[in-house]
Structure formats: C-alpha cells, structure tokens
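Position chain X relative to chain H; hints supplied.
Top line first, the protein sequences correspond to chains H and X. Throughout, the numbering used here is defined as the position within the first sequence, counted from one, plus 34. Throughout, the numbering used here is defined as the position within the second sequence, counted from one, plus 34.
Where hints are given, some of them may not hold.
Copies of one chain are not kept apart here, so a pair can be met inside one copy or by any two copies together.
Derived pair list, reagent style SDA-like, types lysine to any residue, alpha-carbon separation capped at 25 Å [as the list claims (entries may be wrong)]:
| hint | residue 1 | residue 2 |
| --- | --- | --- |
| 1 | K86 | H119 |
| 2 | K127 | I221 |
| 3 | K87 | R213 |
| 4 | K127 | E249 |
| 5 | K281 | K297 |
| 6 | K294 | A84 |
| 7 | K264 | T302 |
| 8 | K297 | S236 |
| 9 | K127 | G192 |
| 10 | K127 | Y248 |
What the hints contain is simulated information worked out from the structure, not anything from laboratory work. Please read these numbers as outputs of a predicted model, since none were measured by experiment.
2 protein chains.
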Amino acid sequence: MEKGKKRLKSAAEKRTFRLVIAYRGTVYQGWQKQAREGGGPTVQELIEKAVKKITGGKASPHASGRTDAGVHARAQVAHLRVATHLEPERLLKAINAHLPDDIRLLSLEEASPDFHAQLHASAKTYRYFILHAPESQHVNWPFLRNFTWFVTFPLDLGAMQEAARALEGRHDFQSFRNRGTPVPHTIREIHRCVVIEHPLGSARDFPWMPGPGYEARLLEIRVEGSGFLKQMVRTIAGTLVEIGRGKRTASDMGRILSEKNRKAGGITAPPQGLFLDEVSYSKLR
Amino acid sequence: MEKGKKRLKSAAEKRTFRLVIAYRGTVYQGWQKQAREGGGPTVQELIEKAVKKITGGKASPHASGRTDAGVHARAQVAHLRVATHLEPERLLKAINAHLPDDIRLLSLEEASPDFHAQLHASAKTYRYFILHAPESQHVNWPFLRNFTWFVTFPLDLGAMQEAARALEGRHDFQSFRNRGTPVPHTIREIHRCVVIEHPLGSARDFPWMPGPGYEARLLEIRVEGSGFLKQMVRTIAGTLVEIGRGKRTASDMGRILSEKNRKAGGITAPPQGLFLDEVSYSKLR
Numbered sequence: 035m036e037k038g039k040k041r042l043k044s045a046a047e048k049r050t051f052r053l054v055i056a057y058r059g060t061v062y063q064g065w066q067k068q069a070r071e072g073g074g075p076t077v078q079e080l081i082e083k084a085v086k087k088i089t090g091g092k093a094s095p096h097a098s099g100r101t102d103a104g105v106h107a108r109a110q111v112a113h114l115r116v117a118t119h120l121e122p123e124r125l126l127k128a129i130n131a132h133l134p135d136d137i138r139l140l141s142l143e144e145a146s147p148d149f150h151a152q153l154h155a156s157a158k159t160y161r162y163f164i165l166h167a168p169e170s171q172h173v174n175w176p177f178l179r180n181f182t183w184f185v186t187f188p189l190d191l192g193a194m195q196e197a198a199r200a201l202e203g204r205h206d207f208q209s210f211r212n213r214g215t216p217v218p219h220t221i222r223e224i225h226r227c228v229v230i231e232h233p234l235g236s237a238r239d240f241p242w243m244p245g246p247g248y249e250a251r252l253l254e255i256r257v258e259g260s261g262f263l264k265q266m267v268r269t270i271a272g273t274l275v276e277i278g279r280g281k282r283t284a285s286d287m288g289r290i291l292s293e294k295n296r297k298a299g300g301i302t303a304p305p306q307g308l309f310l311d312e313v314s315y316s317k318l319r
Numbered sequence: 035m036e037k038g039k040k041r042l043k044s045a046a047e048k049r050t051f052r053l054v055i056a057y058r059g060t061v062y063q064g065w066q067k068q069a070r071e072g073g074g075p076t077v078q079e080l081i082e083k084a085v086k087k088i089t090g091g092k093a094s095p096h097a098s099g100r101t102d103a104g105v106h107a108r109a110q111v112a113h114l115r116v117a118t119h120l121e122p123e124r125l126l127k128a129i130n131a132h133l134p135d136d137i138r139l140l141s142l143e144e145a146s147p148d149f150h151a152q153l154h155a156s157a158k159t160y161r162y163f164i165l166h167a168p169e170s171q172h173v174n175w176p177f178l179r180n181f182t183w184f185v186t187f188p189l190d191l192g193a194m195q196e197a198a199r200a201l202e203g204r205h206d207f208q209s210f211r212n213r214g215t216p217v218p219h220t221i222r223e224i225h226r227c228v229v230i231e232h233p234l235g236s237a238r239d240f241p242w243m244p245g246p247g248y249e250a251r252l253l254e255i256r257v258e259g260s261g262f263l264k265q266m267v268r269t270i271a272g273t274l275v276e277i278g279r280g281k282r283t284a285s286d287m288g289r290i291l292s293e294k295n296r297k298a299g300g301i302t303a304p305p306q307g308l309f310l311d312e313v314s315y316s317k318l319r
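Next comes chain H alone, as it looks inside the complex (with noise of 0.2 Å):
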C-alpha cells in the first residue's frame, strides 16, 4: 500500500510543451506520421521515438500543419503532451540526442495545458525559393539543389509581382488545392503575396551559394495567410511561374480564382524550394 501511494506519488502528470523545430526536409517523407510502412521516416514519427526512448511513454508532437515530403521547416511550432519530471532544458537537449542532425528542436518550453499547436495558430508565412539562371548557363547548382526550384526560361517578374497581389484577401482557395483530407470549407485568408528578388551580395562569398562565375539569381514567393490548403503554396508557385514565363498573364489569377476548380490553376511547384518560415499565435490567448 505504501509503495503504491509511492508509484502514484512520483508518477509525472502529463505537461503541455511548446516545441519550435527546424528540419530540412530531404529526406523525411514530410511531417506527418504515415499510415502504411515504406515510404521512410517522418518528422513527427521520429520526434514521437525519441520522446518515447526518453520518457518511457508515447507522445506525439501535433504541427500547426502538415509539411509534404521535402519540404523544409525554419521554424516549425508543435505542441506535445507528456507525462515527465524533467526540465524543459533537459527534455530539449534529450530529444535533440535523439534526432538525426538535421532535425533540430530550436526551442522547447512548457505551455498551458489546452495550447494547442495547429487550432491555436493564427498566421502562417511560406517562402518558396526559385533559382533562376539564363537558358545559356543550364546548369544547376548543386549545393542549392535540396532549397530551390531550378528554372530556366525568361521570367517576367513584374508580371509575377502583379498576379501575387491578386491573391491578397479573402478568397475561396478551391483551384489551388490539391486533394487530401476534407476540410470544412476551402475559404482562406492571405494576407500578404509577395515576388522578391534577393540582391546576392556579400552571400555570394559562401560557397554554397552561387558564386561570382555563376550567372543566376535567388527570386522568392513569400505567401503569409491565416491558413493554408493541400500544396496551396506550391500550386500558387507554380502558376505564377507560369505566368512569369507568358504561359498566362497575370490578370488571368482573378479569373483562375473565381472558377474555384484545381484545372484553372497551374501545376504544383517542386517541394524542395519550399520553407515553412514563422508560425504565429494570436497574443490573446
């Protein structure tokens, strides 16, 4: 009797924690766990057995949203429910021990019990990297393969600029939705659309980064929105990829829009020049 009063006495509660992680994407199978075997380790399915080697239990990590395989993460935001004793500190650099290097937990913290990782986000900001080289110089850069979208051909980036900003507001997301898991409604909000050249500048001085012999330049689509859909960033690249090399004209997004059909829009950007960059929860929680 005095030693069951015991058991119960140290067993840990479940506690509520906060993760921020970044993870590059290549070789995961995205975030989510996978239903069949196969297809190679998942973020979460790996956070969910370091968690397990270290508490005993298992818990798994919930995303304020799923990543496609590929697909990169620079700050990532889950929440997990746990029964442990230890300090946040000590849980991080545990679970860190325990993941391949290039999934990393950037922060580990303990939340209110009900915080809830994907319910409670409030905005979410996508960055799509393309790079851009002329036809003559055909030739990719290796070391940036695994980050961006090779292309090629001319791309008018004014025109791309102008079709982005179409895309601001309220707006039924139908034709830039893949399919996947129901969803209640396919009506989002973007709050900012946006195609940006990076000037290379003194990056060009890593060698990873394309040098001074390579002729190209970094161009971004930076999409922030309240919510996203099935491969919505990728298919919003593609199309105005699209429409920055003449295939339609950037007046053709509201149209593309409006006819609320996955046909009108164009096709699905590549995933590896694609980072989930911030996630943000509303201050009144």
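Same frame as chain H, but now just chain X:
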C-alpha cells in the same frame, strides 16, 4: 575493304578536354575511384560511367587532386582524354544528363593534347567553414550541417589568425599530413593562410542560412598553396581550432612545423566543412 576503310575514317580520335566540376560531396566517397567495392560511389567513377554511356569508350577523368568523402568542390578541374566526335557543348550537356544533380560539370572545353590537370596545376585554394555558436545555443543549424563544422566552445579568433600566418611560406608539412599514398617529399608552399569571420548581413535572409533568431557566426579558414598533402587542410583546420579554444597557443604553430611529426599536429577536422574552391594553372602553359 571499302567498308573497313570507312570505319577507320569515322573512328573518332582521342581528344583532351578540360572539365570544371562542382560537387556536393555529402553522399560520395570522395573523388577517387575505389579499388574495392562497397564504399558508395565516387565522383570520378560516376563521370567515367556517364562518358562510357555517351561515347562507348572507357575514359576516366583525372582531377587536380583527390578530395575525401564528404568534401565539396566549387570548381574542381580535371582532364579527360576520350575518343568522340561530339562538340564540347554537346558533350557537356550529355555528361550532365547522366550525372546526379549534386555533381555538375560547370564547363568542358577542348584543351591541348598534353594538358594534365594535376601535374600542371600551379596553385589551389581550399576553404574550410566553421559554424561557431555560443555554448548556450548548443543546437546545430540543420541546413548547414553538411557544409560546416559546428563548434560551440569559445574561440580566440586573434590567436587563430596569428597561428595561420605562421604556416605561410615554404615548409615541410609532415606534421599536417595523414597517411596515404607515398609522395616524393613533404615540402609544400603555402602562399596564404587566413582566418576570416564572414558578416552574415543580408545572407541571413535565406532560410538555409542561420537566421536572425539564431546566434552564430560563420568562420572560414582559407588556404592557398602550390600543393597539398593528404588531409593537410583538415589537419591545419583542426590544429587552428585547438589553438582557438586555448588547448595550444598561437606560438605553438612554428614548433609543430619544426617537429615534422604528425603526432605534433592537432586533430583532423571533419570533412563536411571543406571546399576545394579553385585550381590555378600557370599562364606559361
């Protein structure tokens, strides 16, 4: 007889090409084809296979020097002697089409028949990168883990810079040479050896670079010289880091050189931070 003549006439003669190759060495067993199977592919062997597919003949590229498993090249130079009628530009495109994306021929041009990428090289530049984070940061940046050595102990940059300068000039580098293929002698000339801190500046805006919320700096050890012994740059980098962290003093460098004994030198820095940046050829040729 007539047929035989024709075949003779159309048979291509061997031509010599000068190749400039960029490779992300992460998944390769270095440059050199391995005598025994099983260690994974090498860059040389993959180019050889591509050439065989295109020309039908066996021709192996010969580089300015070997690079170890995991080491990168921004502009390795090699020569290739092969029988082909193909124009250089077509041959370049064909070889690239048969290579994985992380090995890219940046250029291929016809060279004088006796051009030798190793024997005729007059100088080389290697660059070794360190991601230096404070101990409190303690989390490696996943996007650069294949391109840098992650170090979290305090480093005295001034001491490293002073020690680096002591290596400049003509010396016997026996203390910085790991065992390997025998060489006629171990005297080499270092034209320049410097330790640089790279201001991250606008480079922070790329999500694969350490961002504003990540406290770290990028240090580089740059070594230019007439030639290098096996793993010489990595042992120089390892020794400089030992000096930086106070395990040795800057003035030890001269003594280490004069001992002419590998045991006197420091550790061999890990391969992933190293880039073969440039190979120069004397203009007299």
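### Query
Hints broken by the structure, by number, lowest first?
Hint check: 2, 3, 6, 8, 9 fail, others pass.
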